[in-house]
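So the protein lines, in turn, are chains X and B. Take the first sequence: its position 3, counting from 1, is numbered 3 in my numbering, and each next residue is one higher. Counting from 1 along the second sequence, just add 1000 to a position and that's the residue number in my numbering.
Hints in this document: simulated from the structure, not taken from any laboratory. Accuracy of the hints is not assured; some may be wrong.
Partial selection, computed: residues in chain X whose CB lies under 7 Å from chain B [said to hold, decoys possible]:
#1 75
#2 78
#3 81
#4 103
#5 175
No experiment lies behind these values; they were computed from the predicted model shown. The beta carbon of each residue, even a glycine, is placed where N, CA and C say it ideally should be.
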Amino acid sequence: MLLSVSDLTVAYAGVEAVSGVSFSVGEGELVSIIGANGAGKTSILNAVMGLIPSSGGRIEFDGTNVTRLPSHLRARRRMRIVPERARVFAHLTVRENLLVGAYGLRKAIDLQKKLEWLYGFFPVLEERSAQLARTLSGGEQQQLSIARALISDPKLLLVDEISMGLMPKLVETVFEALRDLNREHGITILLVEQNALASLRISNRGYVLEAGRIALEGNADALVRDAGVREAYLGI
Amino acid sequence: MSTYFVTISTFIAIQAIVAYGLNIIVGYAGQISLGHAAFFGIGAYTAGLLSTKAGLSFWAALPIVLLICGALGVILGLPSLRVREDFLAITTIGINFIVEAVFLYVPFFGGAMGLGGIPKIVFFGVRLKGESLLALCLVCLAFVILICWWFTKSWAGLGCRAIASDETAASSMGISPVRFKLLAFVLGTVIAGLGGALYAHRMGFITPADFGFPVSTMMLSIIVLGGMGTLWGPLLGAIILGALPEVFRPLADYRMLLYGALLLLMVRFQPGGLLGDASVLMNLLKRMKGGDRHAG
Chain X
1 MLLSVSDLTV AYAGVEAVSG VSFSVGEGEL VSIIGANGAG KTSILNAVMG
51 LIPSSGGRIE FDGTNVTRLP SHLRARRRMR IVPERARVFA HLTVRENLLV
101 GAYGLRKAID LQKKLEWLYG FFPVLEERSA QLARTLSGGE QQQLSIARAL
151 ISDPKLLLVD EISMGLMPKL VETVFEALRD LNREHGITIL LVEQNALASL
201 RISNRGYVLE AGRIALEGNA DALVRDAGVR EAYLGI
Chain B
1001 MSTYFVTIST FIAIQAIVAY GLNIIVGYAG QISLGHAAFF GIGAYTAGLL
1051 STKAGLSFWA ALPIVLLICG ALGVILGLPS LRVREDFLAI TTIGINFIVE
1101 AVFLYVPFFG GAMGLGGIPK IVFFGVRLKG ESLLALCLVC LAFVILICWW
1151 FTKSWAGLGC RAIASDETAA SSMGISPVRF KLLAFVLGTV IAGLGGALYA
1201 HRMGFITPAD FGFPVSTMML SIIVLGGMGT LWGPLLGAII LGALPEVFRP
1251 LADYRMLLYG ALLLLMVRFQ PGGLLGDASV LMNLLKRMKG GDRHAG
């Protein structure tokens, strides 16, 4: 397994947001964690990336225990996150945002080639490469955020609530882009989403999170068919 | 050139150098510092002591001055940079008061009487004063601006600006926040030290009050006015705030009031500073450029 998380607990001021969650992501997989608002999805992702401390459990990535590693060292091992609300560097240009994503990897990757590939994938970023990131629309910022993570050639891409605040039409585009990245470019993706149906449709496997615990897990198709999931999360 | 003009220009050049150091810390790396005058003072006192007590020339002492400023920048910066925002502001104010108190109460530094008898800088047998000293200050200023320009174009500068923009996001891209904040802090303190050395030799006599908290506020005002994180902002700010007291000499008693009002107005109406993007001045410049293109 590329990522295996066991018994992960995250607490804020003594209150547990995530209680003993275990899951794994294999190489080449696209896995979703779905759940309602406040179920602890974002906490799980931030703990995996090392942006918040975990109060218990073990996170193993690419054969190493990274539980106590600061986030910038996890990033160096090619784990990247597309955070909630994109979080682009507002006062940097689009191109500079992408360069930050490639920080410390100048020798490992062909920067020019990578940029061209990304511009092919997200043409709007090339058009706006000299513009400050804060002048981009919400959807463009999401694209920049994905591109900034992809430039590093990540082994694992963590994607946090990418559909949040996007127009329905854009949501479709972004999910299609994620599916392409996984199926055609072999990038392993862990997706955390409130939009359960859209994310399960492109996933191999899924986990259903309820109040900080895993309530259900299984193949994505099976979850979509599951009566309980349909009622609670898919609204069908 | 009149002596008066040369004197004012020399002070403006020295203040601009120190402000450029602060701009790296506050403008590029986004770490508020309200104690920058401490490092200006450390540079001045180190240069003063090395020339009066050790008998070193300005040139022989300069590398030592810069080294000491850098080392103290690491020692004082490392604990400070672990806290953020308001706490960082308070910590840096504390550094300023402690450093000033050390100069004031430790007899080795001359105490309240200050440190006097600092010789003029000698360059190939010529004692620099007046225009020749101004020339040296301007060369140093040009060199500092060049370093800042290089810094904005470098990978290290990009890392710092990313941290200023969003520290958490930057750390999730493999950028170590502690390392880059410290790098910016030390670069800023070393530049302040250079300004301090020039100041000590220009004055010949320095006192702890020359490097007190009001001086730190003045430095911050310079970069807020000119434009934080811009290449030419500190220079413009230093010229305006250096020339203003001369132009408004009759209003000398109200100088601090004027600075306060100026800062408030800037923060309210032009938070990016005069040279910040989308400021009134930049829009005007852009329109003029656009007009030229139209005509051409």
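Hint check results:
no.	hint	result
1	75	holds, 4 Å
2	78	violated, 9 Å
3	81	holds, 5 Å
4	103	holds, 5 Å
5	175	violated, 22 Å
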